[in-house]
Amino acid sequence: MPTRPRFRRVVEAGRDFNIRVMGDNLGADDRVECATWMERLGVDVIVHHIGFDERAMIRGLSPLDELDDVVRSVTIPVQAVGGLSIDQAIECARRGAKLVVVGAPLVIDGTAFRPADGNLFQN
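Be aware that the sequence shown starts at 2, since it is given in this note's numbering, and climbs by one per residue.
Hints are not guaranteed to be accurate.
[Claimed, not checked] List of simulated lysine to aspartate or glutamate pairs, EDC-like, C-alpha gap at most 20 Å:
| hint | residue 1 | residue 2 |
| --- | --- | --- |
| 1 | Lys-99 | Asp-45 |
| 2 | Lys-99 | Glu-40 |
| 3 | Lys-99 | Glu-67 |
| 4 | Lys-99 | Glu-13 |
| 5 | Lys-99 | Asp-70 |
| 6 | Lys-99 | Asp-69 |
| 7 | Lys-99 | Asp-66 |
| 8 | Lys-99 | Asp-88 |
[Unchecked claim] What follows is a set of in silico ranges between Cβ atoms, one per label pair, in the way DEER data are often shown:
| hint | residue 1 | residue 2 | range |
| --- | --- | --- | --- |
| 9 | Ala-29 | Ala-94 | 18 to 28 Å |
| 10 | Arg-16 | Leu-62 | 28 to 38 Å |
| 11 | Arg-9 | Asp-88 | 37 to 47 Å |
I should point out that these hints are in silico values taken from the structure, not numbers from a laboratory. We treat Cβ as the ideally placed atom computed from N, Cα and C, and that holds for glycine.
Modelling step: build the complete structure from the supplied sequences, incorporating the hints.
Written out as structure tokens, the structure reads:
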């Protein structure tokens with residue numbers, strides 16, 4: 002992936018202000034390559050992210066699908082995010098994700114962008 006000046010400036014600004022920078026691989030054609038590129042760029046945390054729209058296009062798609070490869074490809078912490086159930090979030094931690102976001106089951110329905118029904122333990 003080419004290093005674009007604006008991305009490098011974000012990392013530099015983080016260093017200037019003593020702020021950690023997270024890089025998100027949402028929408029990348031190759032999430033593993035994107036993660037290694039962002040690490041080389043100097044980000045502090047990789048956000049391995051599968052978006053709502055992408056999960057709707059590919060039924061069953063989950064951050065777990067490529068998490069092992071992303072975690073192995075970098076030496077910095079990885080955060081997993083993207084429609085994770087509670088059980089999947091626990092599995093992400095077992096597979097080496099140092100940070101896990103459990104947002105979707107709390108706020109949106111798994112099949113439509115509307116409020117969740119409150120059942121956090123359904124798969």
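Taking the hints in turn, this is what the structure says about them:
1. Lys-99 / Asp-45: holds, 12 Å
2. Lys-99 / Glu-40: Holds. Lys-99 to Glu-40 sits at ~15 Å (cutoff 20 Å).
3. Lys-99 / Glu-67: holds, 15 Å
4. Lys-99 / Glu-13: violated, 24 Å
5. Lys-99 / Asp-70: Holds, at about 15 Å.
6. Lys-99 / Asp-69: Between Lys-99 and Asp-69 the Cα gap is close to 12 Å, so the pair holds against 20 Å.
7. Lys-99 / Asp-66: Between Lys-99 and Asp-66 the Cα gap is close to 17 Å, so the pair holds against 20 Å.
8. Lys-99 / Asp-88: Distance ~16 Å between Lys-99 and Asp-88 Cα, so the pair holds.
9. Ala-29 / Ala-94: 18 to 28 Å: At roughly 23 Å between Cβ atoms, Ala-94 and Ala-29 fall inside 18 to 28 Å, so the hint holds.
10. Arg-16 / Leu-62: 28 to 38 Å: For Arg-16 and Leu-62 the Cβ distance comes to about 34 Å; the hint holds.
11. Arg-9 / Asp-88: 37 to 47 Å: Holds: the Cβ-Cβ distance is about 38 Å, inside 37 to 47 Å.
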